[in-house]
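Given chain A, work out where chain B should sit, using these hints.
Quick mapping for you: the protein sequence lines, in order, are chains A and B.
Quick note, the first sequence lines up with residues 8 to 428 if you use the numbering used here.
Quick note, the second sequence lines up with residues 8 to 428 if you use the numbering used here.
Hints listed in this document are in silico derivations from the structure and should not be mistaken for laboratory results.
In this list, chains with the same sequence are indistinguishable; a pair is considered to hold if it fits within one copy or across any two.
Listed next, the in silico SDA-like pairs over lysine to any residue satisfying Cα-Cα at most 25 Å (straight line):
1) 348 to 9
2) 348 to 201
3) 348 to 372
4) 348 to 68
5) 348 to 363
There are 2 protein chains.
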Amino acid sequence: MYRIERGRTPNGVRVVTVETPHLHTAMLNLSVAVGSRDETPECSGVSHFLEHILFRGCEDHPTSLELNSALDRWGGALNGATGQELTTFETAIAPEGIERAIGVAARMLVRPLFRDVELEREVILEEIREEVDEHERPIDADLHARRLVFGAHPLALPLAGSLESVAQIDEAMLRQWHAERYRADAMLLCVAGPVEHERVLAACARAFEGLPAGRPPDPLPAPPFPPGPRLRLVPHGESQSDLRLLFPAVPEHHADHPVFVVLRRLLDDGLACRLQQEIVEARGLAYSVSAGIDALREAALFEIEAATAHEKAPRLLAALLDVLSGLHRTPPSAEELDRVKARARFAGQALADSVSQLAAYFGEGALLGIEQTPAERVAAIEAVTCDDVVRVASEVFCREHLAAAVVGQPPPAELRQTLGL
Amino acid sequence: MYRIERGRTPNGVRVVTVETPHLHTAMLNLSVAVGSRDETPECSGVSHFLEHILFRGCEDHPTSLELNSALDRWGGALNGATGQELTTFETAIAPEGIERAIGVAARMLVRPLFRDVELEREVILEEIREEVDEHERPIDADLHARRLVFGAHPLALPLAGSLESVAQIDEAMLRQWHAERYRADAMLLCVAGPVEHERVLAACARAFEGLPAGRPPDPLPAPPFPPGPRLRLVPHGESQSDLRLLFPAVPEHHADHPVFVVLRRLLDDGLACRLQQEIVEARGLAYSVSAGIDALREAALFEIEAATAHEKAPRLLAALLDVLSGLHRTPPSAEELDRVKARARFAGQALADSVSQLAAYFGEGALLGIEQTPAERVAAIEAVTCDDVVRVASEVFCREHLAAAVVGQPPPAELRQTLGL
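So here's chain A without its partners, still in its complex pose:
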């Protein structure tokens, strides 16, 4: 279905090609190992600001219009995203334009001009305003929940910085951050599509010439998950309260990671899963509810999110805790576990048709040290037993491990009571 080839440019940029001769488009994914967890409160948002400023022009393509036109004509539209550990640039591209696109994208990352910093600051402030109220207070439940878990650690910093920190970032800071962090050993370029690895690798060798080698410093390790239950209430006047629950999980290389994946799928995968059935179908407590694993290099969070009318928030919180503890009280039947495993197999099969997912898996994943193939992942999930599920669920999903944030106007006493606070 697809074939993986790996290489490196002379200066050390990793190059991965996922050859998919059956598909008609290609995807270019260029990732850099830098993000908000590398920052301090003083420079919070600098990785994200840098990601933005790179779109403003580089040597050979000195304006935003020239830079983006060079990709647009091959069907591309480069999308940048800054996370906690990675900054990623991704675009679909016509296969015949791939070498050209590699040249443009690499130029942009290696030789930026740092133009229009003031204009771009305005754009970023508008982006941040989407997550604050009219008094400029953050209303993102996820951010508040992370602050409960990570405290003063950089993992609690908002991905794009705050209105205050972004106001302080200047060209000198951006240039310094770029010089320190955009190093060959911190970069990985992955192409998935009907393309040949030798041509991709040769294009990369040319394109990344002059990029300094070297490895940026490692971030501070994540702190241990704090004892709970912890609850943060953030008053906000909308029609619903937004709930976010966090529990400790394990990173990808941990032996129990496949068990967490099964827990996630038991809770939230398809419409027969437990959260959908018990929160939405049986109790009408929310329109949508979801569970996810946010995996970092050496740690991970298990996240639950849902929203409901303010007065129903305590009932929703109690019901969510009930569903979670139900995983060890009422272990999955053989049929339920089989269904989850069948869905994991199907997801592995579907991967072969998506250049976007392939490029992310083999690009971003490899940069974070994930070596498992999709088939190995599926095999690890197949090996999870009902006993594994009960053991991990009873260890993790207890009030002592809960950090919860609620943004809205819920009845506070009732909410605290639900957690025995």
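Same frame as chain A, now just chain B:
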């Protein structure tokens, strides 16, 4: 790349198969020609409520859990969506499960049990609360802009109904709406994937047995676009003002439709397009801005949306109008027009790898009477000239054709002044 086969069940359900032997998953798209434009204020939201209640069980699969488990084990997760003219049910599915999935999905639409109406009402009210403020007033700029254009016509009704109208819907109304609207002539099932048409058609003939033939009544035709400029200000206390501009466009079968597609792509497609360059890059007035065409059977709207800090809203509005009138003041260069056409070709090429897009194109499109193939569409776009662009842009993008809604706290006098009001 793919092959289209068409047929009908004995009672008249249209069946389209897009055979894609190169892909590894299938997509099932089952559409019904009913939506909010078929409703009255008294039953506003009944199509959407019915879509929800169908997931609650049917003959042979009497509970939500049984119904959804039957699809989940083939990798599926049926997603329902109610629009103005169509209600669509869609799921990815392992190719070997396609006949089974057709059986389950058809059962659900043909023989629903109408269970748990009260519980489902709670879920729908939570869905609607996502678009209202703490006083239960709608804050969706799109809804307010449509009200300016469509007035008392059903096209101004919200897709899911209002908190008040949904409170009035009961089982009898749902049963009646189902009996009237879920008729064989109003349905189309499309499968895209590595599957054979003969098997799909045979499965459909079995699955839809007993569904009454007949054609539901046509909706009221859309009213003419009203004279402008019209402006609606909706006070709302967040950190940004949300702007929505509407202009009249033409439906798919109109000779000028390809010109509107080119206008849309000149304005918003890739990062070198005019809205991105002039609103975001050059003026820092928004984080994101977009343009789209909302096509109905016999009419269409050209939509622009963006958000910005309240005090910048008048400048944003003026800048948007400037970019739009710029389309005839500064017509596209040959290079700009070529880039847009190259991107349309690329999109046509990318379609071949996406069972989801293929199933939507050949399913929903056919039900709305769109007969053009993707290749014919691309050819029509290739034929658009610079003169076409100037002619249509100067006809359409003028203040006399503008309906604008702003949700937020912008300076009202300045905003009105921008429109000469």
